[in-house]
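Participant: Sequence:
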Amino acid sequence: MHDAVTGEKLGIPSIGVMTTKFVSAADLMSRVLGADGFSFVTIDHPISSATPDKLLNCAQQAVVTSAKILVGGAQ
3 MHDAVTGEKL GIPSIGVMTT KFVSAADLMS RVLGADGFSF VTIDHPISSA
53 TPDKLLNCAQ QAVVTSAKIL VGGAQ
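With our numbering, the residue at position 39 of the sequence shown is 41, and numbering never jumps.
Hints listed in this document are in silico derivations from the structure and should not be mistaken for laboratory results.
Warning: the hint list may mix true and false statements.
What the hints assert, rightly or not - Straight-line alpha carbon distances no greater than 25 Å define the calculated BS3-like cross-link-like pairs of lysine-lysine that follow: (1) Lys56 <-> Lys23; (2) Lys56 <-> Lys70; (3) Lys11 <-> Lys56; (4) Lys70 <-> Lys23.
Model the full assembly from the supplied sequences, consistent with the hints where possible.
Facilitator: What follows is the structure, encoded as structure tokens:
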């Protein structure tokens, strides 16, 4: 979240990607960095044990959600 928020503050379109387990931490980090409500992509947790097909599906969904966020759509 730090990198994504910093990038946005510098005018660089940025996306944070968090697993479901870390959503509350991502929200907190956004608030601490002065970007309360910063939109980010959420993917299933855990990913370390995910199959290649599951990872591909997560990545595809993350790309779609990222595009929506970058053009101003809701998460």
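Participant: None of the hints should be skipped; say for each whether it holds.
Facilitator: Hint check:
1. A C-alpha spacing of about 17 Å is found between Lys56 and Lys23, which places the hinted pair at or below 25 Å, so the restraint holds.
2. A threshold of 25 Å between alpha carbons decides the hint, and for Lys56 with Lys70 the separation of about 21 Å falls inside it, so the pair holds.
3. About 33 Å separates the Cα atoms of Lys11 and Lys56, which puts this hinted pair outside 25 Å; it is violated.
4. Only pairs whose Cα atoms come within 25 Å are accepted, and Lys70 paired with Lys23 is accepted, the gap being roughly 22 Å.
The structure fails to meet hint 3 from the earlier list, while all remaining hints are met.
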